[in-house]
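Protein chains: 2
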Amino acid sequence: MSLTIKLHVATTPHLWFRSQEIGRAKLKNVRPRGVYLANPLSRLPRKPKMLGHSAAKASIRSSLIDPDGGVLVDLVVQEKDRVLKAKEAEAFPRVRLTRIDLEWVHVISEGWASPLKGFMREEQYLQTLHFNCLRMGDGSVVNMSLPIVLAIDDGTKDAIRSSQNVGLVGPDGDLLAVLRSIEIYKHNKEERIARTWGTTAPGLPYVEEAITPAGNWLIGGDLEVLKPIKYNDGLDHYRLSPKQLRKEFDQRQADAVFAFQLRNPVHNGHALLMNDTRRRLLEMGFKNPILLLHPLGGYTKADDVPLNVRMEQHSKVLEDGVLDPETTVVSIFPSPMHYAGPTEVQWHAKARINAGANFYIVGRDPAGMGHPTEKRDLYDPDHGKKVLSMAPGLEKLNILPFKVAAYNMVEKKMAFFDPSRAKDFLFISGTKMRTYARNGENPPDGFMCPGGWEVLVKYYKSLQAEETKQQATVLSS
Amino acid sequence: MSLTIKLHVATTPHLWFRSQEIGRAKLKNVRPRGVYLANPLSRLPRKPKMLGHSAAKASIRSSLIDPDGGVLVDLVVQEKDRVLKAKEAEAFPRVRLTRIDLEWVHVISEGWASPLKGFMREEQYLQTLHFNCLRMGDGSVVNMSLPIVLAIDDGTKDAIRSSQNVGLVGPDGDLLAVLRSIEIYKHNKEERIARTWGTTAPGLPYVEEAITPAGNWLIGGDLEVLKPIKYNDGLDHYRLSPKQLRKEFDQRQADAVFAFQLRNPVHNGHALLMNDTRRRLLEMGFKNPILLLHPLGGYTKADDVPLNVRMEQHSKVLEDGVLDPETTVVSIFPSPMHYAGPTEVQWHAKARINAGANFYIVGRDPAGMGHPTEKRDLYDPDHGKKVLSMAPGLEKLNILPFKVAAYNMVEKKMAFFDPSRAKDFLFISGTKMRTYARNGENPPDGFMCPGGWEVLVKYYKSLQAEETKQQATVLSS
Chain A
1 MSLTIKLHVA TTPHLWFRSQ EIGRAKLKNV RPRGVYLANP LSRLPRKPKM
51 LGHSAAKASI RSSLIDPDGG VLVDLVVQEK DRVLKAKEAE AFPRVRLTRI
101 DLEWVHVISE GWASPLKGFM REEQYLQTLH FNCLRMGDGS VVNMSLPIVL
151 AIDDGTKDAI RSSQNVGLVG PDGDLLAVLR SIEIYKHNKE ERIARTWGTT
201 APGLPYVEEA ITPAGNWLIG GDLEVLKPIK YNDGLDHYRL SPKQLRKEFD
251 QRQADAVFAF QLRNPVHNGH ALLMNDTRRR LLEMGFKNPI LLLHPLGGYT
301 KADDVPLNVR MEQHSKVLED GVLDPETTVV SIFPSPMHYA GPTEVQWHAK
351 ARINAGANFY IVGRDPAGMG HPTEKRDLYD PDHGKKVLSM APGLEKLNIL
401 PFKVAAYNMV EKKMAFFDPS RAKDFLFISG TKMRTYARNG ENPPDGFMCP
451 GGWEVLVKYY KSLQAEETKQ QATVLSS
Chain B
1 MSLTIKLHVA TTPHLWFRSQ EIGRAKLKNV RPRGVYLANP LSRLPRKPKM
51 LGHSAAKASI RSSLIDPDGG VLVDLVVQEK DRVLKAKEAE AFPRVRLTRI
101 DLEWVHVISE GWASPLKGFM REEQYLQTLH FNCLRMGDGS VVNMSLPIVL
151 AIDDGTKDAI RSSQNVGLVG PDGDLLAVLR SIEIYKHNKE ERIARTWGTT
201 APGLPYVEEA ITPAGNWLIG GDLEVLKPIK YNDGLDHYRL SPKQLRKEFD
251 QRQADAVFAF QLRNPVHNGH ALLMNDTRRR LLEMGFKNPI LLLHPLGGYT
301 KADDVPLNVR MEQHSKVLED GVLDPETTVV SIFPSPMHYA GPTEVQWHAK
351 ARINAGANFY IVGRDPAGMG HPTEKRDLYD PDHGKKVLSM APGLEKLNIL
401 PFKVAAYNMV EKKMAFFDPS RAKDFLFISG TKMRTYARNG ENPPDGFMCP
451 GGWEVLVKYY KSLQAEETKQ QATVLSS
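Chains as they are written, first to last, in UniProt numbering: chain A, 1 to 477; chain B, 1 to 477.
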């Protein structure tokens, strides 16, 4: 079986995993509980209902999964209060945001990190670093694996003096947000990096981009964003907030939402997996499972395919009918990328709970990359899904691990890899895919829909043209 | 006030700490809840009872705190089964233990790490690295911050082949224990070190001693120890197991047990703190608080004072009446030392729950040390107690943070440091204390009881004599 599903049901404790209590042999029977083999609905929190058209309007509030902490955080100041709040903030000391800081402001303000209401104070930061979760006032726990922090330098700290509030200024100089009841504490970069990435090797993209150049202090506090964050890059209409996504799922009468996080072009192996997941959810008794195809839209490393190209490619995949637009919502996840493997995949999953997803698809080596200084993967490729499955605060999310898809040379299509017929399969890595596109070669038929492939070829050609031009400029100067 | 007490009561959720739910100003009021000011007993799980002599025997099972997981783990094979078990184990492939491995066998076998029943399998190891806790079958969580793992090299792994069980052989070649239903998985040292210490800087003592030279595989499984671990160093009578300690506390009719972890000689500042804690527990309504003076007895770094010297020094402290033998139990905690600050202090506290302690004293920079390559403390000195106070699975333990004691030059005694009279105080660090002893100088009167001080002077003199002898040998050879 290419896909195993393990149900976490919010109202019952983890039954499938019991560290010391049961022997390994027993665990083997319990762990990858094939819910297809049992009656899965008996373990589901609710029975999906068929709604007639008239009923639909009456019950616009669907049974989507609850956001972490129970209430979706929304920190965008109401329109009527904006002028006043902005005027008040004029008097506050200012903190200049980098592009990545701005992405985090965006993320926090829309509630992706619910129940977090601002940049972390030290007590939240320490819980994240040590426990990957935050304890709530009622003793319950929410997942929070990445430190969502704002760094400032000595000069900015000095300028803040004893002020309780600061204004946050975008990279363009606009006053965008306010941080209230601030707390300033030390930014121990080495410890943050070691505990987040499990390495301090030089060459981690997010570290080099956002941590090494950052200040030696962190500033936490309660965030208020003066107006919704926009990027004016022609893609803002794709940036649906968790609130907008929940509304969309409600309107589509989704009775299950399965999220697929990606930062790469969609090939037919991905599509196979997503379509197969939908089929299986239907088999389980859901009437209308909706796919959230959710490319990450914040900072990515230089050799990843840029967001605008990916969005164009994803459009083609839907246009070409590889994914069904009726049952798919394509939207941008505004978070920057850490490439922090098992630590980061928890964040990716947790944020999708807040957007209404109750199923999360996790593959091999999620949020992983090569070790920056050694010839190996930075993370054990299986650790991501293992850690995700055990993560505190994610018990209510259904984790869907999947086996890898590869190109079946006999059937001439992408298929789930079958180790017993290994020689029939061709693995086409991201690097290999990029090499094809760069050299103007075509990948084997059936690897990706032609429309999607064209987008990539066009992008790599433009990249080459740009490189050639730059080389010429360098040579002539 | 020099000592603040924060109550964690097992049956109610953390009231004092509510991450996002309440503002900072409120938190300030809530956090260091001075229970002396309220009626502490109303928040205690039980009312201490006065027991007459006849009643004492009838209720030998006291109301000591439950061990983690509910049952104290005891992995020492019963005497009647030893011959058979040893015979069976003769046929198993063998794993040779280092001295530190042996200390861990000791720790696990006596239930200090309850509910852990052997060296960690990967699922436990990953939970420890990422979450500092393990989830139990019933959904509850126990603290487990240090990886308790056994490393093997390629040759040993190859020799084990597909065997399900292995024999564990002590440094002297004796078959000591068995590991059953084993699981072998990769030992990613870099990740283990980074996530445990928050640094990968060279020079971490435990890393250099026990991890760098270790094999590239970890072997987990269920432990059975063929007979109680003994060191035959004249100190075994001090090595009470959690079971023995619980029995001792019961026999003394303790209604509160407060643990003091240390790896240094006891000076009068420590004693002040311990006596003050007892006084305050009496004020709270406890009738018979017992101090567990619990020096760490496993591996320590080379410049720490050796265990035998410390035990002699501790004896003098009790002989000299600085601590009251009637209300003090001195015992050795057999764990090796990681020097992993906020991560390790959780282990130190958790293990004492298993020994029956429901109050844990935590100071500045617990389990900390200087950064091995930079001129600063490796950990923020306040992080230890903060992390300990928020640690999952330790809610039932009452954490007792304390302010630092220093030598009051006016009153000529150790006293809690008063920042408003800072110039009256002299801080005598461990380094300074060692310098005094090494140079045959006396510290100020009242720093340490004379009997205890003599022990240290004698040790450092013998150390110097030894060094001189070695230098002479080197020069003459």
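Calculated from the structure, these hints are not laboratory results.
Accuracy of the hints is not assured; some may be wrong.
Note: identical chains are not told apart, hence a pair may lie in one copy or across any two.
Claimed, not checked - Derived pair list, reagent style DMTMM-like, types lysine to aspartate or glutamate, alpha-carbon separation capped at 20 Å:
id, residue 1, residue 2
1, K458, D324
2, K396, D138
3, K461, E208
4, K386, D365
How the hints compare with the structure:
1. K458 <-> D324: Neither, since 25 Å and 82 Å both go past 20 Å.
2. K396 <-> D138: both (17 Å within a copy, 15 Å between copies)
3. K461 <-> E208: The answer is neither: 28 Å in one copy and 51 Å across copies each exceed 20 Å.
4. K386 <-> D365: Within one copy, since 10 Å is at most 20 Å while 33 Å is not.
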